[in-house]
Amino acid sequence: MADATTPEMSLGEKLQALPKWSLYVVLVILTSVPLFAKLEVPNKPVEASIDFYGKIMAVPDGSRILVGSDWTNSTRGESKGEMKVLLRILMRKNVKFAFYCFDPQAPQVVRDTIREVNAERIARQEKPYRPFDDYVSLGYFPNAEGTCNAINNNLLAAFSGKKDTPENSGPKDVFESPVFAGVKSVKDFQLLALITASSTNTVTLERIKKIPLLFMVTGVMVPENQNYYASNQIVGLAGGLKGVYDLEQLMEHGINNPGPEMIPSSKWGVVPGFKGALNSGMGTAYYPTLHFALLLLIVAILTGNVGMFLAKKQAKKGAA
Amino acid sequence: MIHFYSMMADVDPKSFWNGTNNSPELIAMIAITTILGFIVLGFLMVAPIQLRKYVIAAVTFLSGLFYVAFYLFPVPVGRKPQDVPANIVESVGFWISDTQPVVANFSNIIGGFLLGLGIYSQLHLHIRRITRQQTDWGFSVVLIVSMVAIVICGYGDWIMRQGPKGSELQLQSKWGLLNYGSDLLFDGLLQQMDAAMFSMVAFYILSAAYRAFRARSLEATILLIAALIVVLSLMGALEYVWNGGINNLAQNDANSFIQNFRLTDIAKWLKDTIQTPAIRGIDFGVGIGLLAMGLRLWLSLETTGGNQ
Numbered sequence: 001m002a003d004a005t006t007p008e009m010s011l012g013e014k015l016q017a018l019p020k021w022s023l024y025v026v027l028v029i030l031t032s033v034p035l036f037a038k039l040e041v042p043n044k045p046v047e048a049s050i051d052f053y054g055k056i057m058a059v060p061d062g063s064r065i066l067v068g069s070d071w072t073n074s075t076r077g078e079s080k081g082e083m084k085v086l087l088r089i090l091m092r093k094n095v096k097f098a099f100y101c102f103d104p105q106a107p108q109v110v111r112d113t114i115r116e117v118n119a120e121r122i123a124r125q126e127k128p129y130r131p132f133d134d135y136v137s138l139g140y141f142p143n144a145e146g147t148c149n150a151i152n153n154n155l156l157a158a159f160s161g162k163k164d165t166p167e168n169s170g171p172k173d174v175f176e177s178p179v180f181a182g183v184k185s186v187k188d189f190q191l192l193a194l195i196t197a198s199s200t201n202t203v204t205l206e207r208i209k210k211i212p213l214l215f216m217v218t219g220v221m222v223p224e225n226q227n228y229y230a231s232n233q234i235v236g237l238a239g240g241l242k243g244v245y246d247l248e249q250l251m252e253h254g255i256n257n258p259g260p261e262m263i264p265s266s267k268w269g270v271v272p273g274f275k276g277a278l279n280s281g282m283g284t285a286y287y288p289t290l291h292f293a294l295l296l297l298i299v300a301i302l303t304g305n306v307g308m309f310l311a312k313k314q315a316k317k318g319a320a
Numbered sequence: 001m002i003h004f005y006s007m008m009a010d011v012d013p014k015s016f017w018n019g020t021n022n023s024p025e026l027i028a029m030i031a032i033t034t035i036l037g038f039i040v041l042g043f044l045m046v047a048p049i050q051l052r053k054y055v056i057a058a059v060t061f062l063s064g065l066f067y068v069a070f071y072l073f074p075v076p077v078g079r080k081p082q083d084v085p086a087n088i089v090e091s092v093g094f095w096i097s098d099t100q101p102v103v104a105n106f107s108n109i110i111g112g113f114l115l116g117l118g119i120y121s122q123l124h125l126h127i128r129r130i131t132r133q134q135t136d137w138g139f140s141v142v143l144i145v146s147m148v149a150i151v152i153c154g155y156g157d158w159i160m161r162q163g164p165k166g167s168e169l170q171l172q173s174k175w176g177l178l179n180y181g182s183d184l185l186f187d188g189l190l191q192q193m194d195a196a197m198f199s200m201v202a203f204y205i206l207s208a209a210y211r212a213f214r215a216r217s218l219e220a221t222i223l224l225i226a227a228l229i230v231v232l233s234l235m236g237a238l239e240y241v242w243n244g245g246i247n248n249l250a251q252n253d254a255n256s257f258i259q260n261f262r263l264t265d266i267a268k269w270l271k272d273t274i275q276t277p278a279i280r281g282i283d284f285g286v287g288i289g290l291l292a293m294g295l296r297l298w299l300s301l302e303t304t305g306g307n308q
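Quick mapping for you: the protein sequence lines, in order, are chains A and B. Oh and the first sequence: position 37 is 37 in this note's numbering, straight run, nothing missing. Oh and the second sequence: position 34 is 34 in this note's numbering, straight run, nothing missing.
Honestly, the hints are just simulated from the structure, not real lab data. Because the structure is a prediction, the values reported are computed rather than measured. Misleading hints may appear alongside valid ones.
To be verified - Quick list of in silico lysine to aspartate or glutamate cross-link-like pairs, EDC-like style, CA-CA up to 20 Å:
(1) B:K268 / A:E47
(2) B:K80 / A:D188
(3) A:K162 / B:D183
(4) A:K184 / A:D164
(5) A:K93 / A:E252
(6) A:K93 / A:D133
(7) B:K165 / A:E167
(8) B:K165 / B:D183
(9) A:K184 / B:D98
(10) B:K165 / A:D133
In isolation and in its complexed conformation, chain A is listed as follows (with noise of 0.2 Å):
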């Protein structure tokens, strides 16, 4: 008759079994935990992310911008924080924006993410940006092949039909809009940002090519999106949640602006930030609890590692 009792288990086997719900309940507390605490995390923006302020800072005051937008709520932590800084410097220069979408939900998720900026800028007496004047949404487009090739070959005709509401009227032609006042191809937006969660960034790639492209996106994005950084096809990328708080530290401290925090750049000359304004969100809430959980991460993998070399080792050890 076989022995019934269980063997005890050795460090190195105990190690390697760890339960899963006491790895989710240490996961749930670390990342929780440092959202009700406000830290500052030391930071160095990367040389992308110190491309992609430079490069909005320096379009003209009062200029105007094309935005593809194609994120939802599920990646809300990294894209909501991204497209929030966006609208603030875009805000802050006073540059118009026309946003189009290739995500069905994108449309009123921009629309909200706009609402919270200007309730932003309400509660700091501030000018809200008015639909219509300020800003056009151009709506949702199923087909993003064929939309981007048309918007780079003659944006009118890629646009025409669509309506936008203004404040106090009924919809009308978005090429009635001050944003498009002048405008006659993608080459009247001084440049294209695309804030996207999906596959939408080698779409726009691939088939804009009349603008300078920025991008933003999710962090599991950024290995793939470093390639068209690197050869200079999109011109500045904000990633993942450490892109968001890079910009944020850029608005606060600017470019070669001199001072204790000075972010340093070869590639810029000194860009201001905007000192004083309200420049810490998403990134700055999020950041810390980023930490905890990659923390977790490699405390995970290290434990699981030093468990297989112990059992390992027991193992050889008994068989001699």
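Could you slot chain B onto chain A? The hints should help.
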């Protein structure tokens, strides 16, 4: 308004694809196209299945051919509205350039129909499940009720916002039942559930990393170390401490050899020298694969996944 029409007349010359609004020519063309469309549809409905296959292949080929021509045929650069083609090559180039946005609109409309097809398919499947009281038919009820509710509230809200009093709805105090319903269902439920679903990935990643990310071989060890360095470089606080330590070791000499071991620089080296070329190679391979697959689809040589 004057600015708008003068701008459109300036930059948007009328063509076969761009008729004047409400003109008799445009109405006649719409009527003729509608009649032709019904004739083609009727023909397709009575056509034998074997013939349909060839019709699909022909439409696929022509659609692909258009984009092949769009990319490969010389198209006008810096064209002005008053420009006229000088020869047949330019005529074709102008035609392709003028037609591309229309083709893009076709594909957008077909994409819109796909949403409708999806809704039909979902309703068909779940209503059958409910009527036959199959396993978990209660979930099907929830799905259909949710779908109908969000369509009614969302569409009602959209219609109201498009109306003359639409701008008033920016104030929550002016909202009615449909507006509250839309807000609750879309922003309050759908969006939050979307975020909640995605956040669960964190638990799977942690569990999988703990169980599977082991240094079992030399390759796995190299991968593990590289990943560890990149992950550490994402932690600004740790990066700050590490780089500070290196700086101290180098006695603040920016040209010291040891400065190469700053976490930022090691991670950057890994990304620029190892990761980027590797991904470029993978992308290149994927691109060639897509080209081959695209050719097979374009020429209707790809039969897997369809009716054999």
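So, going through the hints one by one against the coordinates:
1. B:K268 / A:E47: holds, 10 Å
2. B:K80 / A:D188: Judged against 20 Å, a Cα distance of about 15 Å means the pair holds.
3. A:K162 / B:D183: Outside the cut-off at roughly 24 Å; violated.
4. A:K184 / A:D164: Measuring from Cα to Cα gives roughly 19 Å; hence the hint holds.
5. A:K93 / A:E252: Judged against 20 Å, a Cα distance of about 15 Å means the pair holds.
6. A:K93 / A:D133: holds, 15 Å
7. B:K165 / A:E167: holds, 10 Å
8. B:K165 / B:D183: With a Cα-Cα distance of about 18 Å, the restraint between K165 (chain B) and D183 (chain B) holds, given a limit of 20 Å.
9. A:K184 / B:D98: Distance ~15 Å between K184 (chain A) and D98 (chain B) Cα, so the pair holds.
10. B:K165 / A:D133: At roughly 18 Å apart (the allowed maximum being 20 Å), D133 (chain A) and K165 (chain B) satisfy the hint.
Hint 3 from the list above is the single one not met by this structure.
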